[in-house]
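Enquirer: The lines below spell out each chain.
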Amino acid sequence: MTVISGKIFVVGDNIDTDQIIPAQYLNLVPTIPAELEKLGSHALSGLPDHYGKFVAAGQVKSPYTIIIGGRNFGCGSSREHAPVCLGAAGGRAVVAESFARIFFRNSIATGQLYPMETPARLCDKLQTGDEAELDLQRHTLTLKRTGEVFPLRDPGAAKDVIAGGGLFEYARTQGLIKK
Amino acid sequence: MAMTITEKILAKAAGLKSVSAGDNVWVQADILMTHDVCGPGTIGIFHREFGRDAKVCDRERIVLTPDHYIFTKDEKCLRNIDACREFAREQQLPYFYDPGTESYSGVCHLTLPQRGHCRPGEVMFGTDSHTCTHGAFGEFATGIGNTDAAFVMGTGRLLIKVPASQKFVIDGVLPRGVMAKDIILRIIGDIGVEGANYQAMEFSGSTINALSMEERMTICNMAIEAGAKNGIIAADAQTLAYVRQRSTKPFSCLESDPDATYAAVHHYQAETLEPVVALPHSPDHKATAAACGDRKIDRAYIGSCTGGKTEDFVAAAQVLDGRQVAVPTFLVPATTEVEADLDRVMVNGRPLNAIFKAAGCLPPAPPSCAACLGGPVDTFGRCNQSEVCISTTNRNFIGRMGSKTAAVILASPMTVAASALTGHITDPREFLK
Numbered sequence: 008m009t010v011i012s013g014k015i016f017v018v019g020d021n022i023d024t025d026q027i028i029p030a031q032y033l034n035l036v037p038t039i040p041a042e043l044e045k046l047g048s049h050a051l052s053g054l055p056d057h058y059g060k061f062v063a064a065g066q067v068k069s070p071y072t073i074i075i076g077g078r079n080f081g082c083g084s085s086r087e088h089a090p091v092c093l094g095a096a097g098g099r100a101v102v103a104e105s106f107a108r109i110f111f112r113n114s115i116a117t118g119q120l121y122p123m124e125t126p127a128r129l130c131d132k133l134q135t136g137d138e139a140e141l142d143l144q145r146h147t148l149t150l151k152r153t154g155e156v157f158p159l160r161d162p163g164a165a166k167d168v169i170a171g172g173g174l175f176e177y178a179r180t181q182g183l184i185k186k
Numbered sequence: 009m010a011m012t013i014t015e016k017i018l019a020k021a022a023g024l025k026s027v028s029a030g031d032n033v034w035v036q037a038d039i040l041m042t043h044d045v046c047g048p049g050t051i052g053i054f055h056r057e058f059g060r061d062a063k064v065c066d067r068e069r070i071v072l073t074p075d076h077y078i079f080t081k082d083e084k085c086l087r088n089i090d091a092c093r094e095f096a097r098e099q100q101l102p103y104f105y106d107p108g109t110e111s112y113s114g115v116c117h118l119t120l121p122q123r124g125h126c127r128p129g130e131v132m133f134g135t136d137s138h139t140c141t142h143g144a145f146g147e148f149a150t151g152i153g154n155t156d157a158a159f160v161m162g163t164g165r166l167l168i169k170v171p172a173s174q175k176f177v178i179d180g181v182l183p184r185g186v187m188a189k190d191i192i193l194r195i196i197g198d199i200g201v202e203g204a205n206y207q208a209m210e211f212s213g214s215t216i217n218a219l220s221m222e223e224r225m226t227i228c229n230m231a232i233e234a235g236a237k238n239g240i241i242a243a244d245a246q247t248l249a250y251v252r253q254r255s256t257k258p259f260s261c262l263e264s265d266p267d268a269t270y271a272a273v274h275h276y277q278a279e280t281l282e283p284v285v286a287l288p289h290s291p292d293h294k295a296t297a298a299a300c301g302d303r304k305i306d307r308a309y310i311g312s313c314t315g316g317k318t319e320d321f322v323a324a325a326q327v328l329d330g331r332q333v334a335v336p337t338f339l340v341p342a343t344t345e346v347e348a349d350l351d352r353v354m355v356n357g358r359p360l361n362a363i364f365k366a367a368g369c370l371p372p373a374p375p376s377c378a379a380c381l382g383g384p385v386d387t388f389g390r391c392n393q394s395e396v397c398i399s400t401t402n403r404n405f406i407g408r409m410g411s412k413t414a415a416v417i418l419a420s421p422m423t424v425a426a427s428a429l430t431g432h433i434t435d436p437r438e439f440l441k
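In the order they appear, the protein sequences are chains A and B.
In the working numbering, each number is its position in the first sequence, counted from 1, plus 7.
In the working numbering, each number is its position in the second sequence, counted from 1, plus 8.
There could be a bad hint or two in this list.
[To be verified] In silico DSBU-like pairs for lysine-lysine, Cα to Cα no more than 35 Å straight-line:
no.	chain 1	residue 1	chain 2	residue 2
1	A	LYS68	B	LYS81
2	B	LYS25	A	LYS185
3	A	LYS45	A	LYS60
4	A	LYS14	B	LYS84
5	B	LYS81	A	LYS60
6	B	LYS412	A	LYS45
7	A	LYS185	B	LYS412
8	B	LYS412	A	LYS60
9	B	LYS169	A	LYS45
10	B	LYS20	A	LYS186
11	B	LYS84	A	LYS68
12	B	LYS412	A	LYS14
13	B	LYS84	A	LYS45
14	B	LYS25	A	LYS60
15	A	LYS185	B	LYS84
16	A	LYS186	B	LYS84
17	B	LYS169	A	LYS166
18	B	LYS169	A	LYS132
19	B	LYS175	A	LYS166
20	B	LYS63	A	LYS185
21	B	LYS169	A	LYS186
22	A	LYS14	B	LYS169
23	B	LYS25	A	LYS186
24	B	LYS169	A	LYS185
25	A	LYS45	B	LYS257
26	A	LYS185	B	LYS20
27	A	LYS166	B	LYS25
28	B	LYS257	B	LYS412
[To be verified] Only part of the chain A face toward chain B is listed, based on derived beta-carbon distances under 7 Å:
no.	residue
29	ASP23
30	PRO29
31	SER85
32	ILE109
33	THR135
[Said to hold, decoys possible] Partial selection, computed: residues in chain B whose CB lies under 10 Å from chain A:
no.	residue
34	CYS46
35	ILE53
36	PHE79
37	HIS138
38	ASN205
39	PRO266
40	THR269
In case anyone wonders, no lab produced these hints; they're calculated from the structure.
On a predicted model such as this, the values are computed, not experimentally measured, just so you know.
We treat Cβ as the ideally placed atom computed from N, Cα and C, and that holds for glycine.
Could you put the whole structure together from the sequences, leaning on the hints where they help?
Expert: Printed below as a string of structure tokens:
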């Protein structure tokens, strides 16, 4: 798949892993399907209230497909629950000015989320609820309301790992581990 | 080719003569650590990808340390400990520190060195971002997620990018009342929470050399709070003495070449450093403790991998001895060894526990991560309302210690103790005159 489209959810700088998935929910194990769904229902529930809800109360899926962040998205813990809960809720990509290292890596290794870097500070330009289209071939984000096209950075090989389904599938196709 | 210590360790682990910052290399892991919060997920991926009957690639390299959610009635948390226990049994893991038994230790990042799993020159991965703590032993240590950890469990290897390094040189003698926590909070405040993103933070200089191993751990522990991949301090005689007391395995000490390339070099003079705090809600919101005297606190917390070691309690006791706390003061020793030290280590001729009791602190909780990261609602010391907590822990993100409306202030054990005595942020030197 080369195009991801849907509603965007806009946050600011230094969105840490405690805001993405508060520690009280780390008793849920992502490899157990029912608990994965629950993790999704709590995605971004640690955010301050002014951002609004990524997942509505009583729901397990989010109406938002693309998250727009500022600098240092995903800082803090190595909890893989963070990218996984965003993916479980229906998130497909995070577009941010920069990412914290472990979150970036976990997004790729799990194949859950496309972490895309934007040179422009989109979190100040876009609004939660806007419709947008993320083109993974051209590395662009298009705001449907205005038709504006924002260039993103090419994630290079990371894109292939995610598209292949994550680290294990990638390692198999590369002959690094047995099929 | 000149290399940093981080590059040398990764080159060795990759079987290469040399590597440079930016290279992607497959490295052999010497130790993989996981715990009760990320262990069950890691084990789930390991079984899914390698098969239900798969065996870990090397039992000697795996350390399983339940420590996060231990003393709780939460059924899922207890089930997760059971999942770790079952995996340890199935795989016959020799290094499983089982809650509720004699072998239980507590917080992984103090368990690893105390139980002999840290050695210079090695590569350690852990499913915990504070795995960078172990750079204090002259090794490469970094936090990874469950998927990467499951891969290491099965193959012993991981593909990683060699980080560029920033060097922090600290020279001189620290003033009384200024601790390792003050050094690292100052540095994070100066470079910001992504000031070392994707990079190594290498610490050196006469001040660092004079620090104990526990104080060096406090510094490397918080490298992640500046976004770093790893923190590292080259091994010296003190490192060797600590490691050889606890491990019989061979290892090799590596150090940076004098002409190695750095992304940046920072110099600090120890005599100019002061007790500092990180105000809510970011570890880089630095201010001197002396300048924050008008900030009231509701509680004080001494614990965690970065602030619950024996020396942290000794430092707090030096300030608390003979005085009375003004706010509820929570004590959580990181490991069972620290817990035992609270009864056997003396300050001014009295055991630490006697000093804390006389000062009016709450009785210490059993060792675990406890309220450092909030945890289940029945966690000891958790901020369940809008408390302002001054804490020796490492993160003060919104909601970190429980409620979203609580606020956390990070500080050294001495500053936390001094603030507990007055009920507001206090420079500990007021009590050390």
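Enquirer: It remains to establish, for every hint, whether it holds in the given structure.
Expert: Do the hints match the structure? See the list:
Straight-line distance between C-alpha atoms of A:LYS68 and B:LYS81 comes to about 29 Å, which keeps the hinted pair within the 35 Å bound. Taking the CA atoms of B:LYS25 and A:LYS185, the gap is about 28 Å. The hint holds against a cut of 35 Å. Note on A:LYS45 and A:LYS60: the hinted pairing holds, with a Cα-Cα distance of about 15 Å set against a maximum of 35 Å. A threshold of 35 Å between alpha carbons decides the hint, and for A:LYS14 with B:LYS84 the separation of about 34 Å falls inside it, so the pair holds.
For the hint pairing B:LYS81 with A:LYS60, the CA-to-CA distance comes to about 29 Å; that is within 35 Å, so the pair holds. Using a Cα cut-off of 35 Å, the hinted pair B:LYS412 and A:LYS45 holds, with the two alpha carbons roughly 20 Å apart. Under the criterion of a C-alpha separation no larger than 35 Å, the hint pairing A:LYS185 with B:LYS412 is inconsistent with the structure, at around 46 Å. This hinted pair checks out: B:LYS412 and A:LYS60 have alpha carbons roughly 15 Å apart, not beyond 35 Å.
At roughly 33 Å between alpha-carbon atoms, B:LYS169 and A:LYS45 fall within 35 Å of each other, so this suggested pair holds. A threshold of 35 Å between alpha carbons decides the hint, and for B:LYS20 with A:LYS186 the separation of about 29 Å falls inside it, so the pair holds. Taking the CA atoms of B:LYS84 and A:LYS68, the gap is about 23 Å. The hint holds against a cut of 35 Å. Taken as a hint, the B:LYS412 and A:LYS14 pair is honoured in the structure, with Cα atoms around 26 Å apart against an allowance of 35 Å.
A C-alpha spacing of about 13 Å is found between B:LYS84 and A:LYS45, which places the hinted pair at or below 35 Å, so the restraint holds. For the hint linking B:LYS25 to A:LYS60, the alpha-carbon distance of about 52 Å lies beyond 35 Å, and the restraint is violated. Taking the CA atoms of A:LYS185 and B:LYS84, the gap is about 34 Å. The hint holds against a cut of 35 Å. Note on A:LYS186 and B:LYS84: the hinted pairing holds, with a Cα-Cα distance of about 33 Å set against a maximum of 35 Å.
Taking the CA atoms of B:LYS169 and A:LYS166, the gap is about 16 Å. The hint holds against a cut of 35 Å. Taking the CA atoms of B:LYS169 and A:LYS132, the gap is about 33 Å. The hint holds against a cut of 35 Å. For a cut-off of 35 Å, the pair hint linking B:LYS175 to A:LYS166 stands: about 32 Å separates their Cα positions. Taken as a hint, the B:LYS63 and A:LYS185 pair is honoured in the structure, with Cα atoms around 15 Å apart against an allowance of 35 Å.
Between B:LYS169 and A:LYS186 the CA atoms are separated by roughly 25 Å; this keeps the pair inside 35 Å, and the hint holds. About 34 Å separates the Cα atoms of A:LYS14 and B:LYS169, which keeps this hinted pair within 35 Å; it holds. Only pairs whose Cα atoms come within 35 Å are accepted, and B:LYS25 paired with A:LYS186 is accepted, the gap being roughly 31 Å. Restraint check for B:LYS169 and A:LYS185: the C-alpha separation of about 23 Å stays at or below 35 Å, so the hint holds.
A C-alpha spacing of about 44 Å is found between A:LYS45 and B:LYS257, which places the hinted pair above 35 Å, so the restraint is violated. Distance restraint check for A:LYS185 and B:LYS20: the Cα-Cα separation of roughly 26 Å lies within the 35 Å cut-off, and the hinted pair is therefore satisfied. For the proposed pair A:LYS166 and B:LYS25, the alpha carbon gap of about 30 Å is at most 35 Å, so the pair holds. Between B:LYS257 and B:LYS412 the CA atoms are separated by roughly 45 Å; this puts the pair beyond 35 Å, and the hint is violated.
For A:ASP23, the shortest C-beta to C-beta distance to chain B is roughly 4 Å, which falls under 7 Å, so the interface hint holds. At a threshold of 7 Å, the smallest CB-CB gap from A:PRO29 to chain B is about 6 Å, leaving the interface hint in force. Given the 7 Å rule on beta carbons, the hint for A:SER85 holds: about 4 Å separates it from the nearest Cβ of chain B. Because the smallest distance between the Cβ of A:ILE109 and any Cβ of chain B comes to about 6 Å, under 7 Å, the interface hint for this residue holds.
Taken as an interface hint, A:THR135 does not check out: its beta carbon lies about 19 Å from the nearest beta carbon of chain B, beyond 7 Å. Restraint check, B:CYS46 versus chain A: the minimum CB separation of about 7 Å is within 10 Å; hint holds. The restraint placing B:ILE53 at the interface with chain A holds, with a minimum CB-CB distance near 6 Å, inside the 10 Å limit. Interface restraint check for B:PHE79: the shortest CB-CB distance to chain A comes to about 14 Å, outside 10 Å, so the restraint is violated.
Annotation: interface hint on B:HIS138 holds; nearest CB of chain A at approximately 9 Å, less than 10 Å. Because the closest C-beta pair between B:ASN205 and chain A is about 6 Å apart, less than 10 Å, the hint holds. Violation of the interface hint for B:PRO266 is found here, the shortest Cβ-Cβ separation to chain A being roughly 28 Å, above the 10 Å cut-off. Among the interface hints, the one on B:THR269 is violated; its C-beta lies about 20 Å from the nearest C-beta in chain A, farther than the 10 Å criterion.
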